[in-house]
Amino acid sequence: MATLFETRKLGLPLMNLIRLEGLPILKQLHLEEELFRTSKDNWCIINDGTDDPTIVMGISGKPAELLDIQPVLHDEIPVIRRFTGGGTVIVDPGTIFATFICNKEAVPGLQPYPRPIMSWSSLIYEQVFQGIGNFRLCENDYAFGDRKFGGNAQSITKRRWIHHTSFLWDYDARNMSYLRLPKRAPEYRMARDHMEFICRLKDYLPRSTFINKTVEALGTHFSLESVVYEADKDPSAIKFMPTTRQLTREELEEALSATDLENCSAQFASL
Amino acid sequence: MALRMWASSTANALKLSSAVSKTHLSPAAIFSLSRCFSSVLEGLKYAKSHEWVKHEGGVATIGITDHAQDHLGEVVFVDLPEPGGKVSQGGSFGAVESVKATSDINSPVSGEIVEVNKQLTETPGLVNSSPYENGWMIKVKPASPSELDNLLGPSEYAKFCEEEDAAH
Numbered sequence: 001m002a003t004l005f006e007t008r009k010l011g012l013p014l015m016n017l018i019r020l021e022g023l024p025i026l027k028q029l030h031l032e033e034e035l036f037r038t039s040k041d042n043w044c045i046i047n048d049g050t051d052d053p054t055i056v057m058g059i060s061g062k063p064a065e066l067l068d069i070q071p072v073l074h075d076e077i078p079v080i081r082r083f084t085g086g087g088t089v090i091v092d093p094g095t096i097f098a099t100f101i102c103n104k105e106a107v108p109g110l111q112p113y114p115r116p117i118m119s120w121s122s123l124i125y126e127q128v129f130q131g132i133g134n135f136r137l138c139e140n141d142y143a144f145g146d147r148k149f150g151g152n153a154q155s156i157t158k159r160r161w162i163h164h165t166s167f168l169w170d171y172d173a174r175n176m177s178y179l180r181l182p183k184r185a186p187e188y189r190m191a192r193d194h195m196e197f198i199c200r201l202k203d204y205l206p207r208s209t210f211i212n213k214t215v216e217a218l219g220t221h222f223s224l225e226s227v228v229y230e231a232d233k234d235p236s237a238i239k240f241m242p243t244t245r246q247l248t249r250e251e252l253e254e255a256l257s258a259t260d261l262e263n264c265s266a267q268f269a270s271l
Numbered sequence: 001m002a003l004r005m006w007a008s009s010t011a012n013a014l015k016l017s018s019a020v021s022k023t024h025l026s027p028a029a030i031f032s033l034s035r036c037f038s039s040v041l042e043g044l045k046y047a048k049s050h051e052w053v054k055h056e057g058g059v060a061t062i063g064i065t066d067h068a069q070d071h072l073g074e075v076v077f078v079d080l081p082e083p084g085g086k087v088s089q090g091g092s093f094g095a096v097e098s099v100k101a102t103s104d105i106n107s108p109v110s111g112e113i114v115e116v117n118k119q120l121t122e123t124p125g126l127v128n129s130s131p132y133e134n135g136w137m138i139k140v141k142p143a144s145p146s147e148l149d150n151l152l153g154p155s156e157y158a159k160f161c162e163e164e165d166a167a168h
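Order-wise, the sequence lines are chains A and B. Just so you know, the UniProt record's numbering puts 205 at position 205 of the first sequence, and the rest follows in order with no gaps. Just so you know, the UniProt record's numbering puts 19 at position 19 of the second sequence, and the rest follows in order with no gaps.
If you're looking for bench data, these hints aren't it; they were derived computationally from the structure. Each hint should be verified, as a subset may be incorrect.
Chain B stretches covered by chain A per the calculated footprint, using a threshold of three residues with CB under 8 Å from any CB of chain A [to be verified]: (1) 70-82; (2) 101-109; (3) 149-161.
For each residue, glycine too, the CB sits at the ideal point set by N, CA and C.
With the rest of the complex left out, here is chain B (with noise of 0.2 Å):
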């Protein structure tokens, strides 16, 4: 009974969805798979702690997966640190505020901040409507492209977020 209690109230299926295909995809169509299952794209990079990385032209660029902002609920805010500074693999470097709660957001890599989405400050709710897109959150020049293969790929990590609710 209490495990019921707390448990996802959304049994999430995970659907992998090619980052190429997307584009063929009506807007439409693509939000309708979101609202059943929680999406994870081809070609990037995940981290157990639910932030996606997209490794090009030497610059990684990092957001929360379509997973975690499902169950964060609504973005109300995000808090992003300015560029210039550092992060590091697995360390915090900022926060995410919904439903009452501010949830830290931390770095798949290591590496110094060039840009950050000036964006979510008017429009937080990128995180819930394109994660993957408008809602990305900063980009890093990578100190060690090599932390990508400590990663999950992108079956690894639907497999995770599966397992992980299942748990619950």
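For reference, chain A alone in the conformation it holds in the complex (with noise of 0.2 Å):
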């Protein structure tokens, strides 16, 4: 009653904030999409680290171009392919997650359009990284200049958006190598290579003065309510389907096949 007192006060539109530390990433990804496609509030879900390497595509990821697959089968990587756009990235405990989902008219005047939103989330970060680093919005990635610390995606309908991103707090460099250089990439990339392009965010400030930033700058913006959430719901109790899935082995496996018989065509071709 306090919380719903100070929000009029205020005149801010709430928003749950759910805190999650080490939650497997498909999990993370089936409560975003459950969260967006059905509720009618506004939530920001913060997960501190994921487990194990994942890898996760946007909704029209290709494995075959965006993959070295054979390695990734060898080494037993998952590859989820993710509701939202954008493009493949590798997370694991060392990638911090924070997801806004709101309605079209939690922030006044926000058209519910990709760069809209975008310009308005990087206000949000501008304030966590004020006087930290040379912080931008660089072609849609959160960038410390031209080097990229996190990725984002989004999607949106008719009420709803959701824009949620996955900052590299630290990374191991050889997982990088099972993700090839995409074909669509912006241009401040240059065709340099991962290590090139992105950088750390533990080596601008601690990881929980980052994720404390992160909620007291959403804070400014709208009153937060904390809510627990509750994993390993009863399966019979569960009503929404994700479209959110991890890729099967023989998926893989037949989209490494078709990528060696091109390979081989194009070879015979050219003899």
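With the hints as a guide, bring both chains together as one complex.
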């Protein structure tokens, strides 16, 4: 009741805040998709790290184009296709996730299109990184200067939008080798390989400081109410079927065979 | 200050174009119109969620408007259903991907999908370059043609877009 009174006093819209630690990324994405599609509330989800290294592609991601499939299969790295757009990332305990799910009216004057939403979210992170690094929204990536440390993606419906970001707190350089240089890359990347293109957030501020400052910045736009997430719901009680899913081994093997066949045909044609 | 940051980066002036007169214009002239303005065609009906519908010969052809494609940015992927499926007025039937975002596409009418534009699989950019012609998305056999009366005419839609852009 006190929270409700404070909300009315401040005139800020309500936002539910879920803080997680180490939740598997597939579970996080399922939670986000369900809240996005079925809830009428505004939500912020922060997941401080996930568990095992996992590759996450956007809705239109093609494994053959984006991944070095052979080592992915050999090392049994899970590959997920998520419900939002955007590119491919490999996430692990060094990744911090921050997600905003909002009703269209939650941010006054904000048009529900990709660029305006990204401009707004960059205002939040400008508050977080004030005086730290040379933070900017660089062709839709979060970067310090020209080095990317956060990739984001979105989904927009008639009444709601979701903007979620994976921040590279730290990363294992070996994991980047599972990813190919994407065909579609921002101009500022200038064909740099992963190591030259990305940077670690841990070189700029402590982990807990980043998370706390993100919550603090969000608190200047919304009245935040903490919600406890109950994992492992009774499967018989689950009614929502998410589209985000892990690709099967067979699908990855099929993609690899198709790639091998293409390469053979190309070699044969060149003879 | 904050509003300026997230307002639409282009102030769109909307011009009405006659679907008939389009055929008399050279492709270059039509394109130069679109560069500065979002075009709204006569002879079509429009939804407030920025889809258009052309009802002709018992079939409704559906796509997204020039205003929508301009705001979305370069479309890189279009997710469409299979023929035979059903759509309902205002309900989502697919999505487009642009600038790292998927955006739902909603059907202006209810009915059965009779054809899907398979060209969009290989060439999703048709949605940007030709939103009212080659970028059409689905064709529907309308269940209730009177639903078209609930939609906006060209002038109403043009005004709606101007007001929407002005409010942001």
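Hints breached by this structure: 3
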